[in-house]
Amino acid sequence: MRITAELIQPESLRGELRDDRAGAYVGFEGWIRDHNEGQEVLRLEYEVYEPVAVVEGDKIIAEAMSRYPLLHAECVHRSGLLEIGECAVWVGVTSAHRDEAFAACRYIIDQVKIRLPIWKKEHYVAGHSGWVNCERCATHGREHPQAIRS
Amino acid sequence: MRITAELIQPESLRGELRDDRAGAYVGFEGWIRDHNEGQEVLRLEYEVYEPVAVVEGDKIIAEAMSRYPLLHAECVHRSGLLEIGECAVWVGVTSAHRDEAFAACRYIIDQVKIRLPIWKKEHYVAGHSGWVNCERCATHGREHPQAIRS
Amino acid sequence: MTKNITVRYFAGFREHAGIDAEEVSCDVDTAGDVFRKLQHRHGSMEPLGHCKVAINDEMADWDTAVGDGDTVLLFPPVAGG
Amino acid sequence: MTKNITVRYFAGFREHAGIDAEEVSCDVDTAGDVFRKLQHRHGSMEPLGHCKVAINDEMADWDTAVGDGDTVLLFPPVAGG
Chain A
0 MRITAELIQP
10 ESLRGELRDD
20 RAGAYVGFEG
30 WIRDHNEGQE
40 VLRLEYEVYE
50 PVAVVEGDKI
60 IAEAMSRYPL
70 LHAECVHRSG
80 LLEIGECAVW
90 VGVTSAHRDE
100 AFAACRYIID
110 QVKIRLPIWK
120 KEHYVAGHSG
130 WVNCERCATH
140 GREHPQAIRS
Chain B
0 MRITAELIQP
10 ESLRGELRDD
20 RAGAYVGFEG
30 WIRDHNEGQE
40 VLRLEYEVYE
50 PVAVVEGDKI
60 IAEAMSRYPL
70 LHAECVHRSG
80 LLEIGECAVW
90 VGVTSAHRDE
100 AFAACRYIID
110 QVKIRLPIWK
120 KEHYVAGHSG
130 WVNCERCATH
140 GREHPQAIRS
Chain C
0 MTKNITVRYF
10 AGFREHAGID
20 AEEVSCDVDT
30 AGDVFRKLQH
40 RHGSMEPLGH
50 CKVAINDEMA
60 DWDTAVGDGD
70 TVLLFPPVAG
80 G
Chain D
0 MTKNITVRYF
10 AGFREHAGID
20 AEEVSCDVDT
30 AGDVFRKLQH
40 RHGSMEPLGH
50 CKVAINDEMA
60 DWDTAVGDGD
70 TVLLFPPVAG
80 G
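Chains as they are written, first to last, in numbering that gives the first Met the number 0: chain A, 0 to 149; chain B, 0 to 149; chain C, 0 to 80; chain D, 0 to 80.
This is chain A alone, in the form it adopts within the complex (with noise of 0.2 Å):
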């Protein structure tokens, strides 16, 4: 697990995993979209705690490697400042067949989307901004189902 303020280049990062056993390469990222929840984004800012991000995705992956058989798998996700159209998070798997590089890509970006301490600020193009999920949790807990389990 990394993470880098640089942009994410996919192409020598999927190099990085080449290996002559494997059929199957499945990359999975996440790109800035301009728009969410019907908000026009201008730029998105992640704020990452590296020292525990690191550890955790490090584990991530090691229970994705337990559970499937893959030969490598790797995460870089960015912090700081992005903007439209850029890489916030890139996750590559390879492995003997099909099956397995889809299951664990899927398994490791579906963990790190939730249990990595990281978070993101949407600039609006409406001029104001917000975190996402962490607004309505800090303000609006009541409100959530979800933020009021015992």
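Calculated from the structure, these hints are not laboratory results. Every residue, glycine too, gets a C-beta built ideally from N, C-alpha and C. If a hint is listed, it holds; no wrong ones were tucked in.
Just a sample of chain D residues kept apart from chain A, beta carbon distances all over 10 Å, derived:
1. K2
2. N3
3. K36
If you only want the chain C side, here are some residues facing chain B, beta carbon under 10 Å, derived:
4. F9
5. G11
6. E14
7. K51
8. A53
9. E57
10. F74
11. P75
12. V77
Since chain A is already given, all that's left is putting chains B, C and D on it; use the hints.
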């Protein structure tokens, strides 16, 4: 759907799918493995009947676009002689969210593998060669229950 | 009825036949009939297994009718990807 | 028992608190106690919702014990990817 005798360039193909509305990109690549069913593979030869492969491939992509809310989808398949590690097939899909990108990418590669008139001949380290699947059907048809459906 | 058709062989079928294509005159109704009539050429026992057929560059079924002058493409089991 | 702990706030919690971190002395047993004691700082009603906590850079549960000298990291709901 494109058939090419040249090296597949995933990075530039991926670039063609760029879209400010896209939040997810899923790419699949089939690479030439150094082994198959216990045999060491030296290289691989793809025979493609292009007129039908392109029409059928475009049909598969159109099916994926109608089943899932995608932005773009494309598939490129190699023909001719390929070395170990080379990319035989690339599928790229972009969409607003990741669910449909994963599902559609999987749909396209699964269908491409079973519907396009493409055949592969493996050349083994041990010196001989064979059409994958095909040889079995032609010479051992009766031994393969799945080939004896009425 | 006897029809003049062109038959094209692919991959293992072509290697077994030793030729890419041939013109044949034969009494056939469907693509499946063509497959069976030419079994000695392509060498495969089972037309309806994993083999496929196209007529005039369009994917067809084994019970699709074959007309005089048609080109029938015999595809052994495919293995893309 | 009163413990001296360091509390770090992230993202929306940090903006609500107006500070990155602070040292507090308080009578707490668990990470959940810390969250509740400092509710006026981070502004979130629900410790056990989508919020998370780490102690000394290790992910923890809300009922994990907090010791004297520990650093407690309060994470609002995450949103990677």
